[in-house]
Amino acid sequence: MLSTLANPARFMRISGAALSWLGGASLFVLAAGLVWSLLLAPPDYQQGESVRIMFIHVPAAWMALSVYLFVSVASAVALVWRHPLAEIAAQAAAPIGAAFTLVCLATGSLWGRPMWGTWWVWDARLTSVLVLFFLYLGYIALVNAFDDTSRGARAGSLLALVGVVNLPIIKFSVDWWNTLHQPASVVRLGGPAIDVSLLIPLLVMALGFGLLFGWLLLLRMRTALNERKARALRLYGGAAAGDADGQQPVTAARAAQR
Amino acid sequence: MHAFLGLIRHDLRLAARQGGDIGLVLGFFILAVILYPFGIGPEPELLRRIAAGIIWVAALLAAVLSLDRLFASDYGDGGLDLIALSAMPLELAVLAKSAAHWLTTGLPLVVVSPVLALFVDLDPAALPALVVGLLLGTPAMSLIGAIAAALSLGARRPGVLLTLLVLPLYLPPLIFGTAAVEASLSAEGARAHLLLLAALTMAALPLAPLAAGAALRQALD
Amino acid sequence: MSLFPETAELVGENLACRRGERLVFRGLECRLPPGGTLVVTGPNGSGKSSLLRLLATLLVPAAGRLLWNGAPVARDPAGYRGAIHYVGHLDGVKPALTPREMLGFWTALRGAEHPAIDAALAMFGLEGVADWPCRWLSAGQRRRLALARLIAAPAPIWLLDEPSAALDGDGEARLAAVIAAHRDAGGSVAVATHQPLAITGAMSLALDDFAAPAAELLAV
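Chains as they are written, first to last, in our numbering: chain A, 1 to 258; chain B, 1001 to 1221; chain C, 2001 to 2220.
To be clear, the hints were calculated from the coordinates, so they are not data collected in a lab. Possibly wrong hints are sitting among the right ones.
What the hints assert, rightly or not - Label-pair restraints from in silico Cβ distances:
id, chain 1, residue 1, chain 2, residue 2, range
1, A, Phe-172, C, Ser-2138, 52 to 62 Å
2, B, Arg-1048, A, Ser-109, 29 to 39 Å
3, A, Arg-234, B, Leu-1005, 50 to 60 Å
4, B, Leu-1061, C, Ala-2173, 29 to 39 Å
5, B, Gly-1023, A, Leu-219, 26 to 36 Å
6, A, Ser-109, B, Leu-1005, 46 to 56 Å
7, B, Leu-1005, C, Trp-2132, 42 to 52 Å
8, A, Pro-84, B, Arg-1156, 33 to 43 Å
9, B, Gln-1018, A, Arg-10, 31 to 41 Å
10, C, Gly-2140, A, Asp-148, 47 to 57 Å
11, C, Val-2060, A, Met-12, 48 to 58 Å
12, C, Ser-2138, A, Arg-10, 54 to 64 Å
13, A, Leu-69, B, Val-1160, 55 to 65 Å
14, C, Asp-2168, B, Met-1202, 46 to 56 Å
Backbone N, C-alpha and C fix where the C-beta goes; we use that ideal spot for every residue, glycine too.
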């Protein structure tokens, strides 16, 4: 399937058709998920209504990590197989992933405020997501730091791979750090043990976020491809459209008498 | 081997002739540590509690300072081409440059750290854990820093970019290094944390040159 | 009498080069036999430097391959690197070190056990400044120093990018003599240059023959 999509023109056709379907599906699923989480799921006996933030916070955390994995896989494909769309996919996905981390951090902060009276707690998960946010920022900064866009793309791909290798190490060390510095009251934004009545809306929201990601990704990739075409046309003008005959390779060992 | 040692010797000779970097790094290290008492007050109990953190954070930032010069001057004057064309693989050249970087940056930090421990009233019993921890962790910092330095060659603002790239990757040595110091003062001892630091450096030794070599090839392309 | 192996022929097949999003040239074929000289010409931006860097394996071609001794270079990159000398636009000279130290470093990088440093310095007229810091050398002297490494450690294939830039008449004469001696010894030279070099029997490669038509430039 990947090789079928490799041709940019074909990708544009297929993604154009998929786009409206994805958009509609994500809207529907998210709406259903929100209704379920906000209205139908029972409130927590300890935290009351504020536990409902979990239905955005936890799926956002899952998406933040999954999108980073997506970026690294796309980067690996770009570096190893030189698939033309892989770099575009990675660069399109990264800001979406960064947005998910921001949502996760913001909802985590909002969730913690009523419980512990502070806007930020150095909980293991929140801290890991914060570090993940900086990994995303580094990737986006690196890709945009070069005048030569293809150099930026390749450097970014390498950085994504370095990041994904380091991710388990960083996660391990953050968890270690968290257990070393355990404050008196156990700070856990995990909430109570997940009950079925809570699990299903959680999964529905996760699915909705996933579909949203797919829709945004295709949208950004199509925009990127159109931008490239526009840039090439601007640089090389109408000649690009009109020039049809290719040149034959010419053997160059013409001995020139000097 | 001849090429490997030749590159280290070349970089050390340059550092000796130009002198600038070691002074810059040490100066920053000392100043960064000294700023804390001014910022938070000089009470010994307070300083002692955060002494390990102050020294490690300052060491990290000082190490980052000198990273952007690791490959930049060779990249700018064409020397990197010749290093890429040398008899040794590019990864080995990265190892040589990281070794020279550590000798002129990490090692001086390790040597100066006991003196700085005085300024922040670190418990003398924790001093061995601090020094050994820095000794084990600074090579990892040079190696991981080489990756970031290679990736940011030719970028528009390499210094700032490098800092952003490298600091998340420096979190593990920071966490284990400071934990080692605190653990050495308690019953459990620093051994587990020092072993983790050693493991980080051991893992970075083969992997960082691979990534940095790939990044250098991208820069040369 | 040849100092270098007989079969050290370098062949470029169907080479294409991409710089950024631009396809600089494609379908390029070239052949550099032992004792031969290839003079690469073309307007600015046609890819002369890129071709030389490609031949030096500093650039990866977008298409095509290099063959050396009949085998692809990719199969033995270290061996190939040992057989070439590349002198690019930039001199690679460190202001704080002396010419003698620079030559010592460059030959150490190549793994040369007994480099002919004094001979190299003499060949390019640098004996007098051999122990001065390079910041005191003029641009022409730094160029001579960069060229001196061609002599300090032998290699059969020379890839020279604008070698006579910044050289005075004496420097150009020395360069021509060195190239002639190298060819007589069986070595080969590929030169990108604007200025005419006094080289007889050189093959010419005009890069604008291989420029890519605009339609191909849009390839993603």
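Consistency of the hints with the structure:
The beta-carbon spacing between A/Phe-172 and C/Ser-2138, approximately 57 Å, falls within the hinted interval of 52 to 62 Å. Checking the proposed 29 to 39 Å range against B/Arg-1048 and A/Ser-109 shows it holds: the Cβ atoms sit about 32 Å from each other. Checked against the hint of 50 to 60 Å, the C-beta distance between A/Arg-234 and B/Leu-1005 comes to roughly 52 Å, which is consistent with it. In this structure the hint that B/Leu-1061 and C/Ala-2173 lie 29 to 39 Å apart at CB is violated, the actual value being about 54 Å.
Range check, B/Gly-1023 to A/Leu-219: about 52 Å between beta-carbon atoms, so the 26 to 36 Å window is missed. Range check, A/Ser-109 to B/Leu-1005: about 53 Å between beta-carbon atoms, so the 46 to 56 Å window is met. The hint said 42 to 52 Å for the Cβ distance between B/Leu-1005 and C/Trp-2132, and at roughly 25 Å that hint is violated. A hinted range of 33 to 43 Å is violated for the C-beta pair A/Pro-84 and B/Arg-1156, which are about 26 Å apart.
The hinted range of 31 to 41 Å is not satisfied by B/Gln-1018 and A/Arg-10, whose Cβ atoms lie roughly 56 Å apart. At about 32 Å, the CB distance of C/Gly-2140 to A/Asp-148 disagrees with the hint of 47 to 57 Å. Under the hint 48 to 58 Å, the C-beta atoms of C/Val-2060 and A/Met-12, about 29 Å apart, miss the expected range. Between C/Ser-2138 and A/Arg-10 the beta carbons are some 59 Å apart, a value that agrees with the proposed interval 54 to 64 Å.
Evaluation of the 55 to 65 Å hint for A/Leu-69 and B/Val-1160 yields a failure: the beta carbon distance comes to about 27 Å. Remark: the range hint 46 to 56 Å for C/Asp-2168 to B/Met-1202 is upheld by a beta-carbon distance near 54 Å.
In the structure shown, a violation is registered for the earlier hints numbered 4, 5, 7, 8, 9, 10, 11, 13, in ascending order.
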